Amino acid sequence: MNLPYTVIFEKRTEDYPKWLPALTSLASVVIAFIISGIVLKFIGGDPIRVLKFFFNATFGSWAVFSDTMVKATPLILVGLACAVAFKMKLWNIGAEGQFYMGAFFSSLVVLVPMVNLETTPKFIVIALMVIMGMIGGAIWGFIPGFLKAKYQVNEIIITLMLNYVALYWNNFWIFDKWSDAGFQMTPQFEKVAWLPRLSDLAKEYRAFSGITLHLGVVFGIVAAIIIWWILERSHWGYEIKLIGDNPKAARYAGLNITKNLVLVMMLSGALAGLAGMSEISGVVHRLQERISPGYGFTGIIVAWLAKLNPFAVIIVSILFGALIIAGRQIQPSGIANLLQGIILFMVISSDVLLRYKIRIIRVEQEA
Amino acid sequence: MTSPPPPNAVEMKDIVIRFPGVLANDHVNLTLKHGEIHALLGENGAGKSTLMSALAGLYKPTSGIMRVHGEIVDFNSPKDAIAKGIGMVYQHFMLVPTQTVTENILLGLNEPRFFMDLPKYDQKIRDLQDQFGLRVDPTMKIWQLSVGEQQRVEILKTLYRGADVLIMDEPTAVLAPQEIDDLMETMRSMTKQGKSIIFISHKLNEVTAVADRLTVLRKGVATAEGMDIEGLTGEKLAELMVGRKVIFRVEKKEQEPGDIVLDLKDISAQNNKGVQALNKLSLKVREGEILGIAGVAGNGQSELAEVITGMRACEGTILINGEDVANQEPSAAIARGVAHIPEDRTGVGSAPNMTITENTIMKNYRDTPIGNKWSINFTEARNHARSLKEAYDILAPNVRTMARKLSGGNLQKVILAREITTDPKLMVAMQPTRGLDVGAIESIQRLLLAQREEGTAILLISEELEELLTLSDRIAVLHEGKVMGIVDTENADVKEIGLMMTGTQRSEG
Ligand SMILES: Nc1ncnc2c1ncn2[C@@H]1O[C@H](COP(=O)(O)OP(=O)(O)OP(=O)(O)O)[C@@H](O)[C@H]1O
Ligand SMILES: [Mg+2]
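Order-wise, the sequence lines are chains E and F. Take 0 as the starting number for the first sequence in numbering that gives the first Met the number 0 and just add one per residue. Take 0 as the starting number for the second sequence in numbering that gives the first Met the number 0 and just add one per residue.
With the rest of the complex left out, here is chain E (with noise of 0.2 angstroms):
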């Protein structure tokens, strides 16, 4: 049988309009959600249930939804750190390794203690652990760009290599030295070293009694516009993009690539160090195993699906963080990650919209 249709994909000569690749992206989302849902269908579940549930858990009260937010809160700061780095064409995959060191560093405010805690007022403890967290990240991003500028050593194997060095770094420390009562955790920090909750203002304003949302969301949003206004606006972010589109281009204008490297490298763990610190000062409170969930390496994923866009990143994050609360109460779990899979899988295919048109063509009847 002849159709008399044909479908026919072209190579885009033109360049597709800005607004596309959220339409495609959102598509996708759409798309994924249709999926599962057929999946489940299949296996006998009740589609329409898991969603509405889906929505209940994750955006259905104030309450749900701070719960969502808290764990976009690190998303969007390890991928903002993954998507600076990224503009660069610089393979950092060690947000890992960088969250953990920064939670570690932040942690020595408390656990050395850098400062007096009784007397120190919490302003003064939160923005030393900030910085403690920035600079322990920064170090773990220091070390590959070095290394990259100095001696060509591949990034990507470093940084790698460099999460598990954090790992056993902070083990050590807290099952040997700090360990409480011999579990693999810290004691819990004094409440001077908690980022404030939306929850701590419940006496004044009783809905926000159990809303556990802290202070590390405004990081996250801050951190956005400011990575914003470096890429898109600063001399700096002019360079970054400027080496990574052609390195050889870069030296030629006269920028300085080793310093930029090691620079851009820094800032990155910079960031996923902080998210680090919000992470054990306003929701673990204390420094202990397992405190990310492979945060660093979802960052990836989330700066690739936001391209690289700043603001794109928190929209991303939260839709991640949603899955992330949705996982731990729809069962079985694996529903959520197979949601997970196939949004990137739908995301990544979209991409070939933005690069061919699909055109549908009458077939000429042939005479």
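Bear in mind the hints are in silico, worked out from the structure with no lab data behind them. Every value quoted in this text rests on a predicted model; they were computed, and no experiment measured them. Even for Gly, the Cβ is constructed at its ideal location relative to N, Cα and C. Misleading hints may appear alongside valid ones.
Unchecked claim - Facing chain E, from chain F, some residues (calculated, C-beta under 8 angstroms):
hint : residue
1    : Met310
2    : Ser330
3    : Ile333
4    : His339
5    : Pro341
6    : Gly346
7    : Val347
8    : Gly348
9    : Met353
10   : Met361
11   : Tyr364
12   : Trp373
What the hints assert, rightly or not - Across the chosen pairs, the derived CB separations fall in these ranges:
hint : chain 1 : residue 1 : chain 2 : residue 2 : range
13   : F       : Arg403    : E       : Lys40     : 44 to 54 angstroms
14   : E       : Met160    : F       : Phe377    : 36 to 46 angstroms
15   : E       : Leu353    : F       : Glu314    : 47 to 57 angstroms
16   : E       : Leu19     : F       : Thr61     : 15 to 25 angstroms
Got chain E sorted already, so can you dock chain F with the ligands onto it with the hints?
Quick look at chain F with the ligands alone, frame taken from chain E:
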């Protein structure tokens, strides 16, 4: 009984190719007869590469019909075009530097499948070379080859895939004069053996030497379709291309050069392969003077430009207005007012995925009014880019167009515009008019002379002796990294320069 004449190799009818904001081809017809060399000419951005990319399967025409050997074709990819025997040699080579010639030629083919019996294929390729006179050792790695040899590999690649229609996009722009002669010999031998060739060029003498007929494009429209080469004059051609008469003359004013700006003393340097490229070379360039550097390609010209601009390490001293900048980063040279028009405009001179605006501010994004203390004022940057686009006649829909979408010549203009507006003390210009059409060459030459009048010291490296003779005050001839002699252009003897280029030291007196 006589057999019917073979159908035309290619017929393109009513081809329209539209990009957003640009009508690159406007109802163009082109007929390539079997066994002919057909020249395709036109100003920068006239639509030559675009038309040929459609024939090679890279773009799909908006409308129009293409026939290959009489059969209507509709290509969706370069693969389809190759299957119909159409091969294109792009100006930018696509070879893997670390692999051998043979490996590069076999790359992407179905055969050999699992087993690489390289010597067998080396022999096959040698046979192909003998057939067409394309000398290059099949066992050499690409990075060891000169640009001319790499081009031969590209041609062999298309021939090996069975191409009988060859498209060559400005093949001579990267070649030295001797290599150009060899290429033309190869082209003739190919047509004798039944191949048909489309040849893009900006040079009248090349076209008259080798082509049978020509097609001229002007702003996407064909102003001559398959015209006979016989009796074609430079003026006629210029009129077809530009639509008005072009005066092939630029006036150089008499002027006394000023103080020494660039002073090179005993410069030695190695090339990428670690072989000595500059050998104790010394030169001086003064304010308001153009020093031309002549020589056969590969005698140290590229390295000389790179050493001065800080892109390559060297021994010796490089004084710019008295300060030594040898072995410092390019930023040191830029800070002292050195502008650089690099040889490789896509690899070094521009960032392909950035806009025209972003490409024009590469050297001044920190200077007011474009740069503030920390940030870039993009409104100012766009205005700057717009004024350059206007002044240098850069053909593009707008300044947000990405550099990779510009035609070869227009990209060259972006680079030139950027470098000239930095108001340099010293300009190192390597092949500044390469790939430009006659009109653009003339205006660039005028601009260089205007710079000279403003007192800029200019080091002009070119393989075109004629260009050197029109623009330079003095000409230094390079051979194997040494200066064979320096002559005043006024009483220069072309024969003597030719001798020096082949290694004869100038006898004083
Ligand atoms: N991918 C593209 N997207 C948008 N515009 C394009 C694209 N490719 C080419 N153009 C535009 O089409 C026009 C014709 O370009 P083309 O490269 O064919 O010129 P050309 O005749 O080869 O010029 P040159 O001699 O400078 O190489 C130019 O204005 C160019 O900017
Ligand atoms: Mg071209």
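Outcome of the hint check:
1. Met310: 7 angstroms, holds
2. Ser330: 4 angstroms, holds
3. Ile333: Holds, because the Cβ-Cβ distance from Ile333/F to chain E comes to roughly 4 angstroms (cut-off 8 angstroms).
4. His339: 7 angstroms, holds
5. Pro341: 6 angstroms, holds
6. Gly346: This hint holds: Gly346/F lies near chain E, its Cβ roughly 6 angstroms from the closest one there, short of 8 angstroms.
7. Val347: 5 angstroms, holds
8. Gly348: 7 angstroms, holds
9. Met353: Check passed: Cβ of Met353/F comes within 6 angstroms of chain E, closer than 8 angstroms.
10. Met361: 4 angstroms, holds
11. Tyr364: 6 angstroms, holds
12. Trp373: 5 angstroms, holds
13. Arg403/F / Lys40/E: 44 to 54 angstroms: Holds, at about 47 angstroms.
14. Met160/E / Phe377/F: 36 to 46 angstroms: Holds - the Cβ-Cβ distance for Met160/E and Phe377/F, about 40 angstroms, lies within 36 to 46 angstroms.
15. Leu353/E / Glu314/F: 47 to 57 angstroms: 50 angstroms, holds
16. Leu19/E / Thr61/F: 15 to 25 angstroms: 20 angstroms, holds
In this structure, every one of the numbered hints holds.
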